[in-house]
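*Asks:* Fit chain Z to the supplied structure of chain D, relying on the hints for placement.
In order, the protein sequences belong to chains D and Z. Quick note: the first sequence, position 68, residue 68 per the numbering used here, numbers continuous. Quick note: the second sequence, position 217, residue 533 per the numbering used here, numbers continuous.
Rather than coming from a laboratory, the hints here were simulated on the basis of the structure. One or more of the hints may lead you astray.
Unchecked claim - Distance condition first, Cα-Cα at most 30 Å in a straight line; then the derived DSS-like pairs of lysine-lysine:
no., chain 1, residue 1, chain 2, residue 2
1, D, K172, Z, K420
2, Z, K522, Z, K423
3, Z, K420, D, K170
4, Z, K554, Z, K519
5, D, K147, D, K216
6, D, K157, D, K170
7, D, K168, Z, K559
8, Z, K385, Z, K559
9, D, K292, D, K271
10, Z, K594, Z, K509
11, Z, K424, D, K170
12, Z, K522, Z, K554
13, D, K292, D, K313
14, D, K170, Z, K594
15, Z, K559, Z, K585
16, Z, K519, D, K16
17, D, K8, Z, K423
18, Z, K413, D, K39
19, Z, K365, D, K39
20, Z, K423, D, K39
21, Z, K502, D, K172
22, Z, K458, Z, K592
23, Z, K338, Z, K420
24, D, K166, Z, K406
25, Z, K502, Z, K589
26, Z, K413, D, K172
27, D, K172, D, K16
28, D, K155, D, K166
29, Z, K458, D, K166
30, D, K168, Z, K385
31, D, K120, D, K16
32, Z, K365, D, K40
Said to hold, decoys possible - Stretch-level coverage of chain D by chain Z, calculated; a stretch enters the list once three of its residues show a Cβ under 8 Å from a Cβ in chain Z:
no., region
33, 20 to 28
34, 33 to 39
35, 59 to 70
36, 158 to 170
Claimed, not checked - Partner residues aside, some chain Z positions facing chain D, computed with beta carbon under 10 Å:
no., residue
37, L323
38, P324
39, H325
40, M347
Heads up, the beta-carbon is just placed ideally off N, CA and C, and yes, glycines get one too.
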Amino acid sequence: MENQVRLKRIPVDSIKPNPENPRIVFRQEEMDSLLISIKKYGVQVPITVYEEGNHYILIDGERRWRTCIKLNLPLIPAIIQDKPSELDNLLMMFNIHSLREQWDYFTIANKLTRIDELLKKKYGHIPNEAELSEETGLSRGTIRRCKLLISLPDKFKNIILQELRKPKAKQKLTEDFFLEMEQNLRTVKNNLPEAIDDIDEVRDILITKFQRDIIKNMVDFRKLGKIATAPNNVDFKRSAAISALRKVFSNNDASIEEVYDSTVGNLYGEKRLISTFSNTLYYIEHLGEDEKSEDEIIKLLKDIKKAIERILKEAD
Amino acid sequence: MDITGLLPHQQGIARTANLVIKTRYNFRDAMVLEPINPKVPWRPSLLWKASPEFVGCEASDRPFPRSIKEVFSDIAATGLPIRIIVAYPKDNILSAKDYQDDLKEAKKLGVGYLSVTDINDGELEYEGISISLHLPPPEFSKYRRCLVRGINDAYSLYMNGNPSHGVQELGQIVEQIINNLAGQAKAKGKLTKSNFIPAKYYKFAKLVEDLLAERVIDMATLGKCRGFVDDRNISSHKPKSRKAAANSYRKTRNCFLLGLELLEELPGKFESKGYKFKL
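Next comes chain D alone, as it looks inside the complex:
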């Protein structure tokens, strides 16, 4: 992207928003904070625009521009660039934001599909995650999360959109909630597909349980994944895992935590313990010569020895 760039103060009324701007949610609270800042200090970072006919189109800085309009400021500092192609336009907006400020995933997700299409034309093949990451400046993890959100049915996307309009502190059904839920439902589907009859119904039930505080924490969804992989990981009966999951996916007061604790919780606890002991044994067997003479380490080894002897004696 070779560009002629100029810095100029331009009339706010000569600017139009960019229809390709991925940002679709402008939270009032954040706009108010920006208004206070601009009123006090002015626009410290110029917006970026390109010229089209007798007006300018925004590339970056829609919130600053809107705030200047609200404050009835006549001019705004702007970096004026050449008109970019549709792909460059989108990529520029992504790159500016990935460097400066984290957008909501949903915001990115909405435009990512279009970038995918445009890059497919450019490369001649569907871009992989690495290529998308390089072009947009987004991490591969972010791209994966966005794709997960965009694959949701519209009904759930609307819930996210409604939620995003609220101030961050007031959001309950956040993007993170849906990400945790979806990632673990995917694990369930891959491992025990029989546990889910109707995925949308399951989503509805889990959302209701979260809203009713039956599911207290969104990270509890990870335990769904653990139940689903329990037949492979901790030798838990497949049919029992399916019935445990079905219990969570039903309209009742069963929480994920309760079901997890009463089924596979102990098995995973045992597995964790075995893994910790194995690691400890490995470290003890591979202690270096210097470490063996450390007072603190010797004291700890003696304590471990005493504890082990006591437990073994009790077991006999």
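*Replies:* Okay, now just chain Z, sitting in the frame of chain D:
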């Protein structure tokens, strides 16, 4: 009316607010994000350049957004007759306490609020008053106890969309006090050149002139009474243009302030001349 310039979450609120306000005041469709005047550091979501005042409506997610709080004093400093109404969704995310605080604060500054319940359904809960008329609540501790209730009623009338009635209400208290003074003066053998007879109608402006002529109490205080009478008359006439409104609103506000000053001052001035302060 093209509302696409507004943020997505403001558009539905603005559409309903436009409908409610234009129906209520018989306005046309509002202008969207238009400047009121280059001097005014705020562009409302919706604007009506009505006569005798500008009406600006802000589509927001709460009844008293921080943005309005921030620009309020700058708008007031322009002295222009601008009425602000905030349109907000009735089903909002505020806690009961924050919601009540917002309503209280808006009312305190004379900022109107309109709740939007559904598409095309809203209620103008408080009309607000022109910002140039705004007055902070009086400090009631400065007044004699017998005056507090009357002052509070007058202030409520003033801030609840009826400033000239508020001034009239305050004027009646001042009149009553001055009449009482004149009665006492007459009983003491003063006011000999006046035709004033207690309990009979006597033009208030004339009575003030009579009291001044015979220097019944402090001349400066009586001079203020005279000023109060003049401004009270101007404030009761409906202005025909925005320019006249700016002048009239300034006088109405000053008149109310002058009335408050008189009610604070008069008891002491009476007593220093041996008169009893009664209401």
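*Asks:* Look at each hint and say if it fits the structure.
*Replies:* Evaluation of the provided hints:
1. K172/D <-> K420/Z: 28 Å, holds
2. K522/Z <-> K423/Z: 37 Å, violated
3. K420/Z <-> K170/D: 22 Å, holds
4. K554/Z <-> K519/Z: Holds, at about 23 Å.
5. K147/D <-> K216/D: 26 Å, holds
6. K157/D <-> K170/D: 18 Å, holds
7. K168/D <-> K559/Z: 45 Å, violated
8. K385/Z <-> K559/Z: 26 Å, holds
9. K292/D <-> K271/D: Holds: K292/D and K271/D sit about 29 Å apart, inside 30 Å.
10. K594/Z <-> K509/Z: Distance ~24 Å between K594/Z and K509/Z Cα, so the pair holds.
11. K424/Z <-> K170/D: Holds, at roughly 27 Å.
12. K522/Z <-> K554/Z: Holds, at about 24 Å.
13. K292/D <-> K313/D: With a Cα-Cα distance of about 27 Å, the restraint between K292/D and K313/D holds, given a limit of 30 Å.
14. K170/D <-> K594/Z: 56 Å, violated
15. K559/Z <-> K585/Z: Judged against 30 Å, a Cα distance of about 38 Å means the pair is violated.
16. K519/Z <-> K16/D: 63 Å, violated
17. K8/D <-> K423/Z: 42 Å, violated
18. K413/Z <-> K39/D: 28 Å, holds
19. K365/Z <-> K39/D: 25 Å, holds
20. K423/Z <-> K39/D: Answer holds: K423/Z to K39/D is near 24 Å, not above 30 Å.
21. K502/Z <-> K172/D: Judged against 30 Å, a Cα distance of about 75 Å means the pair is violated.
22. K458/Z <-> K592/Z: With a Cα-Cα distance of about 18 Å, the restraint between K458/Z and K592/Z holds, given a limit of 30 Å.
23. K338/Z <-> K420/Z: 25 Å, holds
24. K166/D <-> K406/Z: Satisfied, since the Cα-Cα distance of roughly 14 Å is no more than 30 Å.
25. K502/Z <-> K589/Z: 14 Å, holds
26. K413/Z <-> K172/D: 20 Å, holds
27. K172/D <-> K16/D: 34 Å, violated
28. K155/D <-> K166/D: Distance ~18 Å between K155/D and K166/D Cα, so the pair holds.
29. K458/Z <-> K166/D: Since the Cα atoms of K458/Z and K166/D sit roughly 44 Å apart, the hinted pair is violated (cutoff 30 Å).
30. K168/D <-> K385/Z: 21 Å, holds
31. K120/D <-> K16/D: Since the Cα atoms of K120/D and K16/D sit roughly 29 Å apart, the hinted pair holds (cutoff 30 Å).
32. K365/Z <-> K40/D: 28 Å, holds
33. 20 to 28: Coverage by chain Z holds here, the residue count being 4 at a Cβ distance below 8 Å.
34. 33 to 39: Coverage by chain Z holds here, the residue count being 4 at a Cβ distance below 8 Å.
35. 59 to 70: holds (count 3)
36. 158 to 170: It holds: at least three residues are needed, and the region 158 to 170 of chain D offers 4 whose Cβ sits within less than 8 Å of chain Z.
37. L323: With a closest approach of 5 Å, the L323/Z hint holds.
38. P324: 7 Å, holds
39. H325: Status holds, d = 5 Å.
40. M347: Since chain D brings no Cβ nearer than about 13 Å to M347/Z, farther than 10 Å, the hint is violated.
The earlier numbered hints that this structure contradicts are 2, 7, 14, 15, 16, 17, 21, 27, 29, 40.
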